[in-house]
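*Asks:* Residues per chain are reported as follows:
There are 4 protein chains.
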Amino acid sequence: MPSNTFGEVFRVTTCGESHGLALACIIDSVPPLIELDESMIQPDLDRRRPGSTRYGTPRNEADQVKIISGVFEGKTTGTPIGLIIENTSQRSQDYSAIMNSYRPGHADYTYQLKYGIRDYRGGGRASARETAMRVAAGAVAKQVLRKLFNVTIDGCVTAIGEINTDKYDAKVALDNDFNFADNSKIDDLKALFKDLATCGDSVGAVVEVRAHNVPVGLGSPIFNRLDAQIAQAMMGINAVKGVEIGDGFEMARMRGSQARDELTPEKFMSNHSGGILGGISSGQEIKVRMALKPTSSILVPGNTIDKEGNVTSIVTKGRHDPCVGIRAVPIAEAMLAITLLDAAMLNKAQCFNVPQGFTIPSEK
Amino acid sequence: MPSNTFGEVFRVTTCGESHGLALACIIDSVPPLIELDESMIQPDLDRRRPGSTRYGTPRNEADQVKIISGVFEGKTTGTPIGLIIENTSQRSQDYSAIMNSYRPGHADYTYQLKYGIRDYRGGGRASARETAMRVAAGAVAKQVLRKLFNVTIDGCVTAIGEINTDKYDAKVALDNDFNFADNSKIDDLKALFKDLATCGDSVGAVVEVRAHNVPVGLGSPIFNRLDAQIAQAMMGINAVKGVEIGDGFEMARMRGSQARDELTPEKFMSNHSGGILGGISSGQEIKVRMALKPTSSILVPGNTIDKEGNVTSIVTKGRHDPCVGIRAVPIAEAMLAITLLDAAMLNKAQCFNVPQGFTIPSEK
Amino acid sequence: MPSNTFGEVFRVTTCGESHGLALACIIDSVPPLIELDESMIQPDLDRRRPGSTRYGTPRNEADQVKIISGVFEGKTTGTPIGLIIENTSQRSQDYSAIMNSYRPGHADYTYQLKYGIRDYRGGGRASARETAMRVAAGAVAKQVLRKLFNVTIDGCVTAIGEINTDKYDAKVALDNDFNFADNSKIDDLKALFKDLATCGDSVGAVVEVRAHNVPVGLGSPIFNRLDAQIAQAMMGINAVKGVEIGDGFEMARMRGSQARDELTPEKFMSNHSGGILGGISSGQEIKVRMALKPTSSILVPGNTIDKEGNVTSIVTKGRHDPCVGIRAVPIAEAMLAITLLDAAMLNKAQCFNVPQGFTIPSEK
Amino acid sequence: MPSNTFGEVFRVTTCGESHGLALACIIDSVPPLIELDESMIQPDLDRRRPGSTRYGTPRNEADQVKIISGVFEGKTTGTPIGLIIENTSQRSQDYSAIMNSYRPGHADYTYQLKYGIRDYRGGGRASARETAMRVAAGAVAKQVLRKLFNVTIDGCVTAIGEINTDKYDAKVALDNDFNFADNSKIDDLKALFKDLATCGDSVGAVVEVRAHNVPVGLGSPIFNRLDAQIAQAMMGINAVKGVEIGDGFEMARMRGSQARDELTPEKFMSNHSGGILGGISSGQEIKVRMALKPTSSILVPGNTIDKEGNVTSIVTKGRHDPCVGIRAVPIAEAMLAITLLDAAMLNKAQCFNVPQGFTIPSEK
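One line per chain: the protein sequences are A, B, C and D, in this order. Throughout the first sequence, residue numbering follows this note's numbering, covering 1 to 364 in sequence. Throughout the second sequence, residue numbering follows this note's numbering, covering 1 to 364 in sequence. Throughout the third sequence, residue numbering follows this note's numbering, covering 1 to 364 in sequence. Throughout the fourth sequence, residue numbering follows this note's numbering, covering 1 to 364 in sequence.
It is possible that part of the hints are untrue.
If chains are identical, the list can't say which one is meant, so a pair holds when it fits in one copy or spans any two.
Within a straight-line C-alpha distance of at most 25 Å, the following computed BS3-like cross-link-like pairs (lysine-lysine) qualify [unchecked claim]:
#1 Lys171 x Lys190
#2 Lys194 x Lys317
#3 Lys267 x Lys307
#4 Lys307 x Lys317
#5 Lys75 x Lys307
#6 Lys307 x Lys364
#7 Lys167 x Lys267
#8 Lys147 x Lys171
#9 Lys364 x Lys171
#10 Lys364 x Lys167
#11 Lys364 x Lys267
In case anyone wonders, no lab produced these hints; they're calculated from the structure. Nothing here was measured: the structure is a model prediction, and the numbers come from that model.
Given only the sequences and the hints, what does the whole structure look like? Please build it.
*Replies:* Here's what the structure looks like:
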């Protein structure tokens, strides 16, 4: 399907450039009769917005969302929900440096060669600003998931550069400026960011998101397995270069006798598979990890070429995040929410007539 | 889209269970006038088929493919290509052990709970036998890619359990029984498989695939970025639990000044991003790695429950691969081929009118 | 979506040429646990097959369908159903006349110009033979509709050339050789077909199909309204040139006070709208009419050109139906069944949580 | 696909209710480098908007469109185009009459039963107001069709109630208040509308649209034939109950020797088929007719029920069109433009490599 749409039934379509008039989003096939207003969407946007953390960009955008359709008297009506966020904080700026030259590690070169034109102001469509609409749509998905399926989703950063943790704690993450799962690493992180500021450099990160209380049966084989859909959802986020479900690459090193998750009537004895078996949710916690590369918007000069193929070099000024992973947590949560709701609705479409067999309780 | 279909324009739809009459596949929107016959499909099937390596299952299936439509006088006609492989090697067998109990690590539990019924013979639709049709469709995609876009694809195993290599060499891989990229590790691998046979256990693996001579401009932002589509393609293969593009998770540890790929008029100075920038191919080699978990079809007994929720245990007899990664190479190549061809055709649809600007030569 | 697929959730994909090895079909997202075997599909195929009526082609094809996947122990499993019909009755024939020249009124010219190649044997993919697979898939849809939604579908011919009827009677239609709704016109029809045989000419027809006991709520605005989907389904049948829902073109002549269907608690007071309001089923009988043009496969010579643009003329020999409308009834029923089931499943996906309000009883 | 989206590659998604904040639209996969600004969209909107004809509703809505993304320095960039029209003319009104009762012939009953809730203000999503966004998206499609394929589209009303014409003249239609193809019928029409005003009644209409200079090869068999897509596009417009391609239902009465369009090297000798053969454009003029039912928004009281199933009656006050067909012309043109552009782009995707054979010149 065209690339600005995600989901089969619960379907999100977005548009908007960094420096256009607005970002917009249309969400189709929303189940009716669900309570919804802007106050249920804004908090996730506030977690993502520039200015939300002192370790992100110093830009400050309100990212105020408005619902323009699909809600009546505080409830969804089943017609498409339109969302809009006006762009308010674009500084007028000198773009002559990047107008004709390609920033290394950015999408400048590929956009220009593919389309023969690009809106270079603030990164245009390739700007992470686009993800605001994912977060907004994800907040709607979260609300429906909670109301109709009792599913909840959270996330945190588990690694920044060489600093990492085995812990997963979404509550802890909400309380520090790095969305980090482990408070014992905060001092190390502060030192790292001080160093990054000195160097004018950036750093990569690992983000983990989880879904709780997921019913058995979401997702369907073969190509659109639930894990395949999640992989697409996450790899489609700016800067993501790797995705793991459950133990991920660690499982390549395991033996079958370790890796399989044995069953008991009360619970599974382990969750190496991350809550998905054969592409279908098992009722266990769904666990997804992703690697984000360090942003290329840095002050360290880089070698590159201009549009005519001449050698040149470039420095990316502007107000950039030294670690885009920090503000990626609500984006990843949003993509997981959209994916799971779509799968849950498709499951109703095909399997509404299936009587429930003996079921191991879902993992909270 | 329903789960047994992959691709938007070049679209592959498959069906077939392990123990049904046949596997079939319909490929839609194939460009016309491309030379095609069964002899261009069979070799990839032969690389995947059971019995192709002495370190795989001792089952021996001919996997003979027949083209039933869409080809006339040796050329594609633009109408859908139908492919069929008859199932010939199903042993009649005693399935009483798995009929009512769930093999841990398999899809038995999730299929049963989702659908209320499952064809337990040989794993049914969840059997890796299904991947034969991916390989067949992928061979068609490879032929079109080669003829119309000059793109080629190859792959190899780069890790089995704890044994791994930094090398990538598809030719070497074709010459050993493990499809392994590095001949210096063959003795270690033989020892490992001897041990696995003794224990009745299995082991995970990492497979890498690459595409060469890819034009700039394939794939489009936002949700269906080329890397997102590849992630879906790979994570949708049985047993895959992690996917990386380029340096993948390693990039989470890097700084921006290391990670960005600088440009020169002749070539990019590195390829950490794996040939994709902003979701669009850059003309560099496309590099994809994936982790496969060890199969749960092992002789080591496992704890589980039956359909009524009673505690029991299970041993998976039968003729199984100790490492499913070995035969996964042509499957991953096939999925990459289908994904790239679909993206190349979509690029023609939207951007056929774009004049070519200065282009860094594609990487062979 | 690629053109050989129909339906969003209940999704049918077909392939096969008139003179290839076989026709095949894959049906995805079939609800599980529905009783199904070949004997539930074959009767509809027998109504469509060449040789089924003495007023159709004298070709005689068995059109024997085989289920190759998706059914286990007599029930659907939720995995895709594969169907195959082998081609058995292709006469070896001299195609030199049509190989290089375009039959007027056929798709020869457009296929050749679009694809640069065409399988001219028996019309290739443009042959009505393709519709066998629609009928087979439709029979599966009918079975699911009946079991899960209690919906039934029937149809008849209501006009052939200038001979028409106001009646609609599917039972009468089953009993005569013209599938005609009105037995009082049979003598006229016999005379007409005698004349057609003498002239070597063909004639057009109108087919009507209806669905009974349809629940309220199938279909959704805006673009994919239920009537829009039905229009696509019917206009996609070979030779169809017009589609009407309810009173169709007659409504262009009406006033609003006549045309609206007033409501009472027991029933609607009329059904000008054909059972669909705002793109959503109303619980009334769904009524669809379609016009089929006369086939161009006739013995009367026609002016045309050859592939190089030279003037020539052509006579279509072979064993052709003088009125393709007669055998179109089960095809139109099949397309209606597929469309309704898909809509019913999508309705479950989005609106499963809606409590039932006061409902006028559905029309049988 | 979800119902508020149309098109496979050139894909239009809309949202918006009659009385919400705004209508919006996202158009995906627009070819880049096409000149575009609001002034190329507004004229078609002005032809559709309430207040554009003295024989339409006396409401007066500016329908001012704004481009919010996808255009840079006056050209399309290949990223999605966002369009927005603010709602400005909603009168505050007393909706108590229709809040709990169902207007006969409207979608009130079906929306309420399907979704369990409806925005009754001004018809909500079922209001014809929604079509403004189709017209806006269609204007974008027309611009691309003109620039890249040299195709143009026009339309007119050919029947209102019992008054009809054999003529087709889009220029004449632009010059009278009825968008009617034949100036000799204007006096009759004036008399008819005087009568309608007296009775408080409405009347149906027939609209015809045509595409000129269409290349051969657009559209593809089987299910998504070009005519099938057009049928869906048109039947999806509010109030449309019948669609014909070429001679439509008239062809049911013809013989094959009359109906087929013979070929010469210079042109086809007739165009009964309306420019489409086998689902593929033939290069002839594409001709589409559609019947619109009379609106049910009339002053004549109608019998109905309320939400609890009690008998009641209703009068639809407000500012309504006595003949919705008049303002439907630009809507039908828009849907034809979107359908053709999508087909043209898909044709590039699959058949870009086909060498051109001898081609009959396209019809202007």
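*Asks:* Each of the hints needs a verdict: does it hold here or not?
*Replies:* Against the structure, the hints:
1. Lys171 x Lys190: Result: close within a single copy only, 20 Å intra versus 48 Å inter.
2. Lys194 x Lys317: Close inside one copy (18 Å), not across copies (58 Å); limit 25 Å.
3. Lys267 x Lys307: between (59 Å within a copy, 14 Å between copies)
4. Lys307 x Lys317: Classified as within; 20 Å inside a copy, 62 Å across copies.
5. Lys75 x Lys307: Result: close only across copies, 19 Å inter versus 51 Å intra.
6. Lys307 x Lys364: between (53 Å within a copy, 23 Å between copies)
7. Lys167 x Lys267: within (22 Å within a copy, 42 Å between copies)
8. Lys147 x Lys171: within (22 Å within a copy, 48 Å between copies)
9. Lys364 x Lys171: within (15 Å within a copy, 48 Å between copies)
10. Lys364 x Lys167: within (17 Å within a copy, 43 Å between copies)
11. Lys364 x Lys267: within (11 Å within a copy, 48 Å between copies)
When each numbered hint is compared with the structure, no violation occurs for any of them.
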